[in-house]
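*Asks:* With these hints in hand, go ahead and build the complete structure from the sequences.
There are 2 protein chains.
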Amino acid sequence: MTISAEIICIGTELLLGEILNSNAQYLAQQLASLGIPHFYQTVVGDNPERIQKSLAIAANRSNLIITTGGLGPTPDDLTTESIADFFATPLVEHPQIWENIQQKYAGRTITANNRKQAFLPQGAEILTNPVGTAPGMIWQPRQGLMILTFPGVPTELYPMWEQFAVPVLRSQGWVKETFYSKVLLYWGIAESALAEQVNSFFDLTNPTVAPYANYGQARLRITARAETLAAAQALIAPVEAEIRQITGKYCYGVDDDTLAGVVGNHLKSQGQTLAVAESCTGGWLGETITSVAGSSAYFLGGVISYSNEVKAQVLKVSQADLQEHGAVSSEVAMQMALGVKNLLQSDWAISITGIAGPDGGSSVKPIGLVYIGLADPDGNVEAIAYKFNPHRDRHWIRMVSVYSALDQLRQRFVMI
Amino acid sequence: MTISAEIICIGTELLLGEILNSNAQYLAQQLASLGIPHFYQTVVGDNPERIQKSLAIAANRSNLIITTGGLGPTPDDLTTESIADFFATPLVEHPQIWENIQQKYAGRTITANNRKQAFLPQGAEILTNPVGTAPGMIWQPRQGLMILTFPGVPTELYPMWEQFAVPVLRSQGWVKETFYSKVLLYWGIAESALAEQVNSFFDLTNPTVAPYANYGQARLRITARAETLAAAQALIAPVEAEIRQITGKYCYGVDDDTLAGVVGNHLKSQGQTLAVAESCTGGWLGETITSVAGSSAYFLGGVISYSNEVKAQVLKVSQADLQEHGAVSSEVAMQMALGVKNLLQSDWAISITGIAGPDGGSSVKPIGLVYIGLADPDGNVEAIAYKFNPHRDRHWIRMVSVYSALDQLRQRFVMI
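The listed protein sequences derive, respectively, from chains A and B. Residue numbering for the first sequence follows the working numbering, beginning at 332 and increasing consecutively. Residue numbering for the second sequence follows the working numbering, beginning at 332 and increasing consecutively.
Keep in mind that the hints were calculated from the coordinates and are not lab data. Do not take every clue at face value.
Which copy? The list can't say, so a pair holds if one copy fits it or any two copies do.
Below, computed lysine-lysine pairings styled on DSSO-like, alpha-carbon distance capped at 30 Å [to be verified]: (1) Lys435 with Lys580; (2) Lys580 with Lys718; (3) Lys435 with Lys447; (4) Lys580 with Lys513; (5) Lys447 with Lys513; (6) Lys647 with Lys696; (7) Lys718 with Lys696.
No experiment lies behind these values; they were computed from the predicted model shown.
*Replies:* See below:
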């Protein structure tokens, strides 16, 4: 049997956009890690007719259906009834569920509505809910089709999935292979250019290689399937090595790595310190560096020199250069970096000065023009000019400025 | 014609759980606000056959199909081709798209892959992408069926929807009733406490009033439906006035207002300037203040005094006080605020020093302990102590520190 799972999230609040469908992401991640392929997700409201239409479609193309939502005690929670009805199966009461509900309500008012949670389709088994009152079910309504239902509350879904559903799926043979993915993270190269470089890898079938972009960061995902995690990792290793060989310095890390974390590790291992001087990013570079727990080991602090007076008086940028070249210039970027290095007595210093928009651009200095200054422990300083897409908004230009600044420092360590 | 919209989100990364489907929530909210009913959402991977199967199902039950994703320049982006193929329609090149792409790539390498974004099904109109290179389309492949495609990148989807898709939907009669919502924004009061204050409003039917919380900010959404926008707004006005009367100073704004923007407006109208001194937030306060375009009118800059040396040497915090009271203390918070006010010659100064975790907490100074210093134009200074929930993570504690600091300054202006 070819396994194909499908997720149906039930809840009118999803259709109204009142909540984010984090359950779909959670279940998708869980299925991926178990190597259970799933090709479709559906969202439908608390409406029996449409729940059943979705069920008909899912049962026709998938053999493992996982639903979330609609198990509560209120009259609009209709998932269990709708499923039973679709398969023309009567509901039967499970006294132990009703007892359990009464226990959990001890001291609070229990209504007749609560009792409906004790009913499951004939033949269905209870999927215990260790947190709330609504149990789910595991049911094989017909040969070759398995249905699991979960409540929509994430804090109930997670333990039910991990403690009760996964063991059942394993014991019944739904988990055949392990899927393992590794994501290579890039900075300084566009998704399309990266894709062109590694084009030949996209035809591989195991592992597969696929590019994607996320907030200006190009990424490559390598996914392998095998009987064990170690075997999957072994399939990935040579492909990763080849890709790294081709893509070189643009790759800054894998999976949950961050530019700030990677730079921090380099600084820590060298026993060196860092300071920042920020103009258009207004503190964002410092915020990003200190988002890493333990960054006090290498980050001393910095100066947010938003006004020219602060650049001149605190960072000692030359008034003449500010006038002649303007605040957004390589001269000023270099002096900002040197200024904060001297003031804070750091080994390294990074500065950012640029035009983030929406105002302040000109034909000579358009929106998106950003200079990054970098002062090294030997006292050398340089400035790198960037011209970011001026059609991007202020937020985007500031964000890519911060990451580009971190990446400049990272590249120094890679080149050492 | 009964209107029924349907959202199809296309992207293998969604099926692998790598990203949260925030686009579905955004579109669901947008459809709800326009009064366009939608009953189903589908997620499918970048696979032509399954995209077409989903399309067949959607075209059979809905008359307005909105897709996201799969418009990129890489070979696995197949949405446009799959849709054209499903309706047996050839793709035709739009030279103006190709020109636009080349302009946006000015100075960067453009590949043959990029060119496929210039092709749309015959008869489809361009849905302009003011940000990225991938345009979407508006297409009526047959009588009674309309398809809109959008890229999967949220920062591209949002302006395309708001600037281009909504006007088309309005002009073509898809929007019959107007829903209008106004969101009141709060800081310094919990959602449950706020809900208790305005409990009696929750039974209203038009407008409706509903509380919700978002990243620690309590909010009240007032939603009215009427034939015109003006009529909906007129329904909201008296309810809003009553609620504001009850909830008082906690309400800092409406809809897209931000604490940083509100504070900025106060400073601008007073012709006063602001400086910041940040320890545990590492620049986040400055970043938030400068996220507002035009903040250079009142924001001078600041000092990120992450290390004690920077506090002492740059901000002139007393070494004795640092030793006796520690860096996280009201004494140091006050001296940081005064120090940066003196150094930058600002009217106002805010400082933040605290323990964001995960390390560094103690029984006397637990994680979540944060002092905010506030120096006013008369040279008065004070420190406010906060004990945020220590079970929250570093990100959360830093974030609520920044907003609490801004709110302290806001309250000064409200009280004036």
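*Asks:* If a hint holds in the structure, say so; if it does not, say that too.
*Replies:* Verification of the supplied hints:
1. Lys435 with Lys580: between (46 Å within a copy, 25 Å between copies)
2. Lys580 with Lys718: within (21 Å within a copy, 44 Å between copies)
3. Lys435 with Lys447: For lysine 435 and lysine 447, the Cα distance is within 30 Å only inside one copy (15 Å; across copies 59 Å).
4. Lys580 with Lys513: The answer is within: 18 Å in one copy meets 30 Å, while 49 Å across copies does not.
5. Lys447 with Lys513: between (41 Å within a copy, 29 Å between copies)
6. Lys647 with Lys696: within (23 Å within a copy, 37 Å between copies)
7. Lys718 with Lys696: Answer is within; shortest intra-copy Cα gap is 10 Å, inter-copy 46 Å.
The structure agrees with every numbered hint stated previously.
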